[in-house]
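Peer 1: These protein sequences, in sequence, are chains F and Z. Each number in the numbering used here corresponds to the 1-based position in the first sequence with 4 added. The numbers in the numbering used here rise by one with no breaks, and the one at position 151 of the second sequence is 135.
Wrong hints could be hidden among the right ones.
Simulated crosslink set (DSS-like; lysine-lysine; CA at most 25 Å straight-line) [claimed, not checked]:
hint: 1; chain 1: Z; residue 1: LYS61; chain 2: F; residue 2: LYS264
hint: 2; chain 1: F; residue 1: LYS264; chain 2: Z; residue 2: LYS177
hint: 3; chain 1: Z; residue 1: LYS61; chain 2: F; residue 2: LYS217
To be clear, the hints were calculated from the coordinates, so they are not data collected in a lab.
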Amino acid sequence: MGKKFTDYCPPGSIFLERVREKIGKLYGSFGYEPVEPSVFLDYEDLYFKDKNNSFKVVDYDGRVLTLRTEYTLSTAEMAARINDEGRDFIKFYYFGKVFRYITENAGDYREFHQIGIENIMGKDDPFADIEVIALAVETLLELGFKNFTVDMGEVNFFKGITFDYGFDEESSEILCKLIDKKDYIGIENFLGDKNIKNSVIDDFRKITRLYGKGEVLKKAKGYAKNETSKKSLERLSFIYEKLKSMGYEKYISLDLGMLKHIDYYTGIIFTGYIEGLGYPVLSGGRYDSLFLKYNRNLYAVGFAAGLERILEKAGSFGEGFKVYIGYDEEGFKKAFNFTRYINDKIYFQSFPEKPEDSIKRAKKLGAEKVYYFRGDEIFFL
Amino acid sequence: MITIALPKGRLAQETADFFEKCGLLNIKMEEDSRKLIFIDEVNNLRIILVKPFDVPTYVEYGAADMGVVGKDVIMEKNVNIFEILDMGIGRCFLALAGVKGKKEDFIRKKDKVIATKYPEVTREYFEKINHQSLKVIRLNGSVELAPLLGLADGIVDVVETGRTLKENGLEVYEKLFDISARLIINRASLKMKKDLINDIVGRIERGLEIEGAICPKS
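Next up, chain Z with everything else stripped away, as it sits in the complex:
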């Protein structure tokens, strides 16, 4: 039995649909269900739904053999796992953003304050470009509020269409990293359940090839 951790939300549904196309999964995961564990007896698979930032934790401990999670989360949490594939879904980017029209002010400001769900990534990025002084405040959600309430000068957050930023009067100051969902695997599981896992990874790879042929990367 292989356990796969998926991040609650849209990515879980997208991944489940993709798995179905690959012939991996044969059960229905209703979107409005409160269930957290789904068992596919036919394919000997167990799917668990967890918070995105917890996917790497379950996989690192081996409670889940594999997981699908965004590269943003993997970058933030320094976990000991294999990052074996780019699933190609969940495409977005990590960006530095702030109040619309205030980019110049932001650049000129000393002692910047940045609010973010990704304090490690933020600190490392700004250290690399040698900022004078940076304070990072960790938030868990609705990060767009921070600059609007004066809690921070800017934010580092995931951006997809940019609509959330726009609707809250913010804009992207700088694009930091491209993000997509990755397939991660527990180190022990890869060695101890090699055949089962290789089979799953093989099917996903073939699915990605087919998908790549039908709809080339945007």
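Next up, chain F with everything else stripped away, as it sits in the complex:
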């Protein structure tokens, strides 16, 4: 681990507090409840993509534990237990640290805060997708951002098309990465070697251009020739139009060439970008296959946002001390009881001092109002 660890002092730590309050209110008003899973997970339970990137701890009995790289796996386990007790409509939100061993890309942190929601239901319904994406937009609005986009894609659009052409798993994976990178010529070179018709190669290249606003849905129809692709496009259109009707058009966009982790996601996927930051601040999607693994009739959609990245661009929440309370020995008791009558941010001095010192220290903190308690008297300085 690097010699530098990230510590949070005010105002950064205060920002985190405020975020916690805001999301508690926002998600709480839709029935999401906070969860605090253990920071540890069994190494064996991790998805392959997370195994290499996790901090590993060897327990006293030789078992390998890891620090969580994300929340979804642990919250899924908690949901499964609740499901055991008979409930199949579960809404969680979380706020806490995750840990990643490798930081090779821009914006990567080894230790950072994630906030997120998991919407886990007994059926797969596009309305849940809509709710979750709307909450992603509302999250960014709550955090003070005005210029941003939640960019949406659908993995089954691509899966349907590759199925039609009978690509094997390995080729699908490679093609997927090329399309996700919008590597026009890479696609041409890869498929050219495989004796595939030029018109088909052209189709795959054109998928990399299927990004933008609503017009993308019309353009994409021409490529959705099989049932899977058609259905996925209908679903995506339904979601997009609903969000548009809710007034979110300015904050959403589409990219059918978005294909990250398509073996994990089973439907809609989305990524949030804020103005001025070159890498995403949030990402999520539908991941029904996770509960299939647990043999359960549960369907899930959710997202996570990285607060450190958001902090890079967030304005301050304008917190400074407004009131300073000082006292002499006799005034301590009255001073102590006085704090409950003040709503502003208070600094209560921890030892008796002269009034001049109270004024000096208040100035250092930027507190404009100074109350001084001498015996039974209050002075406003």
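Since the structure of chain F is already known, use the hints to place chain Z on it.
Peer 2: Relative to chain F, chain Z alone:
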């Protein structure tokens, strides 16, 4: 305002000239100038000149919205960006090279040592063809010296005409990959500045079509 990162050197000038032909750029970038930032107020463009291996870094962080850089650099650095076009310029190839006439010795040698500016690409390539044991030494330039001084048995480097190799008594043992300059775009910029970027990419594409019609690919 769109910021484009160009790699210092000949490719920067070639790209700037091409941009001018496409109607994208309207300023003079003097070759001998020490300036690193050029602003084109008319076209709302900012060009920055950086070291080739830094172009993907600026683009990945979003400090530059777009960049032009060789495929060799993109292959070496695993960055999260869109690689949207082949610019068709800066054509060369990555090759395995070594002392002239010693190719057979090189093939037979166990525990090969290869010096290169591209350790990741080199390792991945040799892993694919299952070499027994390979040591890679990272160098930052004048890689041709390595086999001459016995630092390495061979090198992996970019070759254009082959003149540098020839003049230093080396020869190409094996051609690995064709290289050309690519247009790369920051992921957030493509979505957040879509119209501006699509306009630029459109002009470049039309420029490439015209160029392709006049001088077909060699």
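Peer 1: Measure nothing beyond the straight line between the CA atoms of F:LYS264 and Z:LYS177; if it is 25 Å or shorter, mark the hint as holding.
Peer 2: 21 Å, holds
Peer 1: Below or equal to 25 Å on CA atoms is what counts here, so check Z:LYS61 against F:LYS264.
Peer 2: Holds, because 19 Å separates the two Cα atoms, which is no more than 25 Å.
Peer 1: Has the given pair, Z:LYS61 with F:LYS217, been kept, meaning a C-alpha gap of at most 25 Å?
Peer 2: This hinted pair is violated, its Cα atoms lying about 32 Å apart.
The earlier numbered hint that this structure contradicts is number 3, and it is the only one.
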